[in-house]
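> Given only the sequences and the hints, what does the whole structure look like? Please build it.
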Amino acid sequence: MNSLTDVLDGRWAGIRRDVRAQVADTAQPDAYGLGREEHRAQVLGQLHELAATGRPHLGFPVEYGGKGDIGGTIVAFEMLGFGDLSLMVKAGVQWGLFGGAVELLGTREHHEKYLRPIMDLELPGCFAMTEYGHGSDVQNLRTTATYDPAAEEFVIHTPDWSARKEYIGNAARDGRMAAVFAQLVTGGESRGVHAFLVPVRDDAGVAMPGVTIEDCGHKAGLNGVDNGRLTFDEVRVPRTALLNRYGDVAPDGTYASPIESDGKRFFTMLGTLVRGRVSVAGSAGSATKRALTIAVRYGDRRTQFERPGTDDEMVVLDYLGHQRKLLPALATTYALHFAQEELVCALDELQHTSEPAERSRRELESHAAGVKAAATWHATSTIQAAREACGGAGYLAENILPQLKADTDVFTTFEGDNTVLLQLVAKGLLTSYKQEVQDLSPLETARFVAEQVVDTVIERTSARKVIERIMDASPKRDDEDSLFDRAWQIAAFEDREEHVLDSLVKRLRKAGRDNGFEVFNSAQDHVLRAGRVHVDRIVLEAFVGAIDRCTDPDTKALLDRVCDLYALANIEADRAWFLEHGRFTAQRAKAVVAAVNELCGELRPRARELVDAFAVPEQFLAAPIIAD
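Position one of the sequence shown corresponds to residue 1 (UniProt numbering), numbered consecutively onward.
Keep in mind the hints are simulated off the structure, nothing from the lab.
Straight-line distance between alpha carbons at most 20 Å, and here's what the computed EDC-like set of lysine to aspartate or glutamate pairs gives:
{"no.": "1", "residue 1": "325", "residue 2": "612"}
{"no.": "2", "residue 1": "264", "residue 2": "137"}
{"no.": "3", "residue 1": "325", "residue 2": "609"}
{"no.": "4", "residue 1": "264", "residue 2": "248"}
{"no.": "5", "residue 1": "264", "residue 2": "358"}
{"no.": "6", "residue 1": "556", "residue 2": "6"}
Computed beta-carbon distance windows for the label pairs:
{"no.": "7", "residue 1": "161", "residue 2": "218", "range": "17 to 23 Å"}
{"no.": "8", "residue 1": "549", "residue 2": "397", "range": "39 to 45 Å"}
{"no.": "9", "residue 1": "202", "residue 2": "112", "range": "20 to 26 Å"}
{"no.": "10", "residue 1": "219", "residue 2": "516", "range": "34 to 40 Å"}
{"no.": "11", "residue 1": "204", "residue 2": "417", "range": "33 to 39 Å"}
{"no.": "12", "residue 1": "359", "residue 2": "560", "range": "31 to 37 Å"}
{"no.": "13", "residue 1": "202", "residue 2": "136", "range": "29 to 35 Å"}
{"no.": "14", "residue 1": "133", "residue 2": "593", "range": "45 to 51 Å"}
{"no.": "15", "residue 1": "622", "residue 2": "506", "range": "53 to 59 Å"}
{"no.": "16", "residue 1": "360", "residue 2": "24", "range": "36 to 42 Å"}
{"no.": "17", "residue 1": "397", "residue 2": "261", "range": "47 to 53 Å"}
Ideal placement from N, C-alpha and C gives every residue a C-beta, glycine not left out.
Put into C-alpha cells, the structure is as follows:
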C-alpha cells in the first residue's frame with residue numbers, strides 16, 4: 001500500500017486490509033444478467049459466507065460473542081460497497097437494522113435470546129418501519145400494538161392499506177422475524193411508536209397466522225434484495241416482544257419509561273439507529289470510488305482525435321472537458337471520505353459513552369444526516385458523469401457502471417429522504433441558534449450574529465483547532481493568489497454559512513401562532529440551503545484535518561492540491577450566491593473558474609494515482625474497457 005492509501009485507510013486500516021485480503025481469495029460472481037430469484041439466491045449464499053467470516057460480530061457487545069468495535073463494523077460494511085450492492089444492503093438489513101434494533105432498543109433478555117443467532121444468520125430478520133402512507137413521518141405510523149392485560153400479549157394490527165409495511169428488505173423471501181415499529185396502546189392511551197419483535201415466518205418459510213407477505217417485485221436496481229410488504233391482522237405476540245429499553249409495559253398494562261416526554265423518547269429511540277445513515281453514506285462513497293476508478297483508468301488509455309502537429313491520437317483525459325467531468329468529482333470524493341472517517345470516529349466514541357451529552361448526540365445525528373445526503377447525491381451525479389465519460393462502452397452492463405447507477409439511485413431516499421435530512425440539519429442549527437440568543441438583548445443579539453455564530457451555534461468539528469490555527473496564521477490576503485490560501489477558502493465557506501443561517505432566522509422570525517407553517521414552508525428553499533452549506537463546511541474542515549494528520553510530505557502536498565480543487569469547485573458551483581451577496585466581483589468569479597481549470601491540469605498526471613489509492617479490490621474492477 002502506498003502512503004496515500006494509508007491516509008485514506010485511517011483509524012481502521014487493519015480492517016480495510018483484512019477485507020481486501022479476504023476478497024482477493026474469493027471469487028466474485030457477476031450480478032448483471034441474473035434473473036431476480038437467481039440473484040436473490042446468490043446474495044443469500046454470499047451473506048452466509050460473510051457470516052462465516054465472523055465480521056458481522058464486530059460491532060455487537062463482547063458479552064454476547066461480539067467484539068464491541070462499532071466503528072470497525074461500519075468500515076467493514078462500507079467495504080461491501082465495492083462489490084454487489086445488493087449484498088451490502090441485505091447485510092445492512094440483517095446486522096445493522098434488525099440486529100441494531102434488538103441490541104440498541106432491547107434489553108438483556110432480548111440480547112441473550114437473539115443476538116447470537118442474529119450474528120450467525122441463524123435468525124434472518126427484517127426492519128419493518130416504513131409504511132406506504134408514512135415514509136419519513138415515522139412519528140405518525142398507523143400500525144398499532146395494543147396491549148391485552150388478560151393475555152399479557154400485544155396485538156399487532158394493520159388498520160388500513162396505507163399502514164402496510166412497505167419496501168421491507170428481507171421480507172419477501174428470507175426473513176423469519178421482523179422488528180415492527182408500531183403505536184403502543186395500553187389502557188386506551190397511545191404512548192407513541194415502539195419496536196416489537198414479531199415472527200413473520202415459521203422454520204419452513206411459511207407465513208405465520210395473521211401475517212400477509214407480498215413481494216415488491218422487480219426494482220430498478222438491488223434485485224438481489226428481497227423487498228416485500230407486511231400486513232398484520234391482529235397478530236398476537238407476548239409482552240416480552242416489546243423492545244423495552246426506553247419504554248416498558250407491566251403485566252397489568254401500566255406503562256413506564258425512563259424518559260417522561262413521549263416526543264423526546266421517540267427521538268431518542270430513533271437516534272440510537274443513526275448507524276444506518278452512517279453506513280449508507282460510507283457504502284455510497286465506495287460505489288463512487290469504484291465508478292471513478294473505472295472512468296479514470298479508461299480515460300487514461302482511450303484516445304480520440306489527433307493531437308495537432310502529430311500523428312498521435314490524444315488521450316481523452318488530456319482534454320480539459322474530460323478533466324472537468326471527473327477531477328472535481330474525484331476531489332469531492334476525497335473530501336467526503338474524510339468527512340465519513342470523522343463521522344465514524346464520532347459515532348464510535350459516542351456509542352461507547354454511557355451517558356453522552358445532549359449536544360454531542362444532537363450534533364452526531366445532524367452530521368450523519370448531512371453527510372448521508374451529500375454522499376448519496378454525490379454518488380448519483382458522479383456515477384452518471386463516469387458513465388458519460390466512458391461513452392457507449394459505459395452503457396454496457398459488462399462494464400459495471402449501469403448497475404452502479406441503478407443500485408445507488410435509491411440511496412438518496414432510503415435511510416432518510418435527502419431533502420428531509422437537510423431540513424433536519426437546518427432545524428438543528430436553528431435550535432442551537434435559538435438556545436444561544438433567547439436571553440440576549442437586541443444589541444447583544446446583533447453582536448452575537450456578527451461575531452459568534454461559528455463558535456457557538458454552528459456545529460464544531462474535530463478539526464476546529466487546526467482551522468483556528470490556519471486562520472490565525474493567515475495574512476488575510478484578497479489578491480488573486482489568495483484563492484489557493486486555505487484560510488481564504490475556509491473564510492468563504494464560513495461566511496456563506498453564517499449569512500445563510502442568519503438571513504434564514506430573520507425570515508422565520510415573521511412566524512406567529514397562526515402562520516408558523518406557512519412561513520416555514522415559504523422558506524423551505526432557504527432551509528435546505530442552510531443545511532447544504534453547513535454540510536459543505538464540515539466536509540471541508542474534515543479534509544483540512546486529514547491533511548494536518550498526514551506525515552508524508554509528498555502525500556501532504558498532493559492532498560493540499562486536491563483540497564484546493566474541492567474548495568474552489570464548490571465555490572465555483574455557487575458563484576451566483578457569492579456574486580449576489582457582494583462577496584465576489586465578476587473578476588474574482590472568473591478567477592475562480594480559471595483556478596479550477598489550472599488545478600485540473602495540475603492534477604491530471606496524478607489522476608490514476610489518486611483513484612488507485614482507493615485500493616478497490618481488482619475483482620471489482622473486472623470491466624473489459626480497462627482490462628490489460
